[in-house]
Amino acid sequence: MSVLKKLAGQTVIYGLSSILSRLLSFVILTPYLTYKFERVDFAIQTDLYVWAAFLLVLLTHRMETALFRFGAKAENRNQVFRTAAFSVLFHTSIILGSLALLGPSLAHWLAYPEFTHYVYLMLGIIGFDALMALPFARLRLAGKAIPFAALKILNLLIYLGALLFFLELGPSLAQSGSLGSAYWFDPNLGIGYLFVANLLANLICFLFLLPQYRFLLQKPKGQPYFDPQLWQKMMRYALPLIFAGFASMINELADRSLLKVLLPGTIEERLAQMGVYSAAYKLAVFMNLFTQAFNYAAEPFFFRQAAAKQDKAIYAQVARLFTLVGALAFVGLVCFMDLIQYFLGQDFREGIGVVPILLMANLFLGLYYNFAIWFKLSDRTQYGAYIAVLGAGITLTLNFLLIPILGYWASAWATLACYFAMSMTAYFLGQKHYPIPYPLQSIFFYIFAALGSVCLFWGLQAYVLPIGPIQYIFSALCCLLFLGLVFLKDRRWLLSIFRPKSA
1 MSVLKKLAGQ TVIYGLSSIL SRLLSFVILT PYLTYKFERV DFAIQTDLYV WAAFLLVLLT
61 HRMETALFRF GAKAENRNQV FRTAAFSVLF HTSIILGSLA LLGPSLAHWL AYPEFTHYVY
121 LMLGIIGFDA LMALPFARLR LAGKAIPFAA LKILNLLIYL GALLFFLELG PSLAQSGSLG
181 SAYWFDPNLG IGYLFVANLL ANLICFLFLL PQYRFLLQKP KGQPYFDPQL WQKMMRYALP
241 LIFAGFASMI NELADRSLLK VLLPGTIEER LAQMGVYSAA YKLAVFMNLF TQAFNYAAEP
301 FFFRQAAAKQ DKAIYAQVAR LFTLVGALAF VGLVCFMDLI QYFLGQDFRE GIGVVPILLM
361 ANLFLGLYYN FAIWFKLSDR TQYGAYIAVL GAGITLTLNF LLIPILGYWA SAWATLACYF
421 AMSMTAYFLG QKHYPIPYPL QSIFFYIFAA LGSVCLFWGL QAYVLPIGPI QYIFSALCCL
481 LFLGLVFLKD RRWLLSIFRP KSA
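Be aware that the sequence shown starts at 1, since it is given in UniProt numbering, and climbs by one per residue.
Derived by calculation from the structure, the hints in this document are not laboratory data. Don't take every hint at face value.
Stated by the list, open to error - Derived pair list, reagent style DSS-like, types lysine-lysine, alpha-carbon separation capped at 25 Å:
#1 K260 with K36
#2 K312 with K489
#3 K312 with K233
#4 K233 with K221
Said to hold, decoys possible - Pair by pair, the computed Cβ-Cβ distance ranges are:
#5 F448 with G393: 23 to 31 Å
#6 G97 with L460: 53 to 61 Å
#7 S496 with F448: 18 to 26 Å
#8 F448 with P228: 49 to 57 Å
Please read these numbers as outputs of a predicted model, since none were measured by experiment. Built from N, CA and C at the ideal position, the CB exists for glycine as well.
Working from the sequences, and respecting the hints, build out all of it.
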């Protein structure tokens, strides 16, 4: 029991650190950047971070996951870490060194020939991210949840603090000539200071993690510094995960870079539209935070239940409850979108219409996490790669076909189609290989009840409601309507959740 409590506590800490980091970033950073900079600037930083996510998968080549698999036993953990670390260091040095030599050509290929310095800054950020991946994984493997969470939050706070220092205090110091600002502050760098702040935060965080690499300097007794046979085993294990990682990045991030290429107009016009969509995507973070919080908590819960040989019906009830809460969040966020939109600057609000599509897409992503648990529990993880590749194919095909016609609306619909297809594929494959009695009728009732409540609100908003506080009363009433429909259908199940069986 104490082991399970410890695992649950660590899960909460990991989840809170990630969610708090993303929430602080959204509440502070997104409004600040969309009010401070133009659409093109916002699009450029978004595009570079998209490519950074792909490159990070290649640099780490999922060695952090292989560390969990092969370093579970404490007696060989140092050797596994040492082998994985040499692999990551080698790949990072070779790949980033080559890209640095090609910096100007890379900036030109990305359509930013005047921003080569952004590319170099991003390469530095990715390099530190890759070098921190294994130490962070080692902390998790050792059960050191609090240091892990503290360093993650410290990284974000340094990043936000440095960014505000450069962009707010920097100009004032430059005008007065204080603190030698002429040597370190460039008023023309603009949003480039976002990369500077990120690089500085990563550097400081890496220094805290540097002692984790002390095993590279210790002479192992009776073992080589680098174990080729162990490395081959780790690579065979990690290779399918690399493909799955690339496919997941395509599903999550590729649409923004495709907008830059496939939209009509000049590069400035395309980047402006990309910036609008990227900002609208940020508003979907509310549903994404809920989905991520669920994934952090539910995955270890599922494995604990499997280890205890509990009835599979518990998995079905978790999926049902997730859909109910997610559908309620969808109704609330859409009905109060007139308030939520003020997180974005005025020039970015024209893309607000795609947010409901992205919210529903993230709801289906959460359903995928539910339905996909079967291949993890049954050791058939190759199906995870197959489903991720299917999603990537849908994402790329729909974006290539529809972006020239529908613009960034195509990317939103492609995201929804991708996650819907992935969730349904995981469900039907699971019913074949590892049947779980999911209440699909109730799950889709909640989704359609949410859509119906939102459509009613939109109709009232368009033809009946005046603009003003009374609109928010009807927003709340539409949320209550959804809850009423759910209660009428499933009141016995809802009451059973809160009523002890012994009562």
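Indicate whether the distance between the beta carbons of F448 and P228 respects the range 49 to 57 Å.
Since the Cβ atoms of F448 and P228 sit about 56 Å apart, the hinted range of 49 to 57 Å holds.
Is K260 close enough to K36, meaning Cα to Cα at most 25 Å?
holds, 22 Å
Within 18 to 26 Å or not, the Cβ separation of S496 and F448?
Since S496 and F448 have Cβ atoms about 23 Å apart, the given range 18 to 26 Å holds.
Regarding the pair K312 and K233, is the alpha-carbon distance no greater than 25 Å?
Between K312 and K233 the Cα gap is close to 33 Å, so the pair fails against 25 Å, i.e. violated.
Would you mind confirming whether the straight-line C-alpha gap from K312 to K489 stays at or under 25 Å?
Roughly 23 Å between the alpha carbons, so the hint for K312 and K489 holds.
Status of the given 53 to 61 Å range, CB of L460 versus CB of G97
holds, 60 Å
Is it true that F448 and G393 lie within 23 to 31 Å of each other by Cβ?
holds, 27 Å
Decide if the proposed pair is consistent with the structure: K233 and K221, CA atoms, cutoff 25 Å inclusive.
Holds - the C-alpha atoms of K221 and K233 are around 21 Å apart, at most 25 Å.
In summary, the structure is inconsistent with hint 3 from the numbered list given earlier, while agreeing with all the others.
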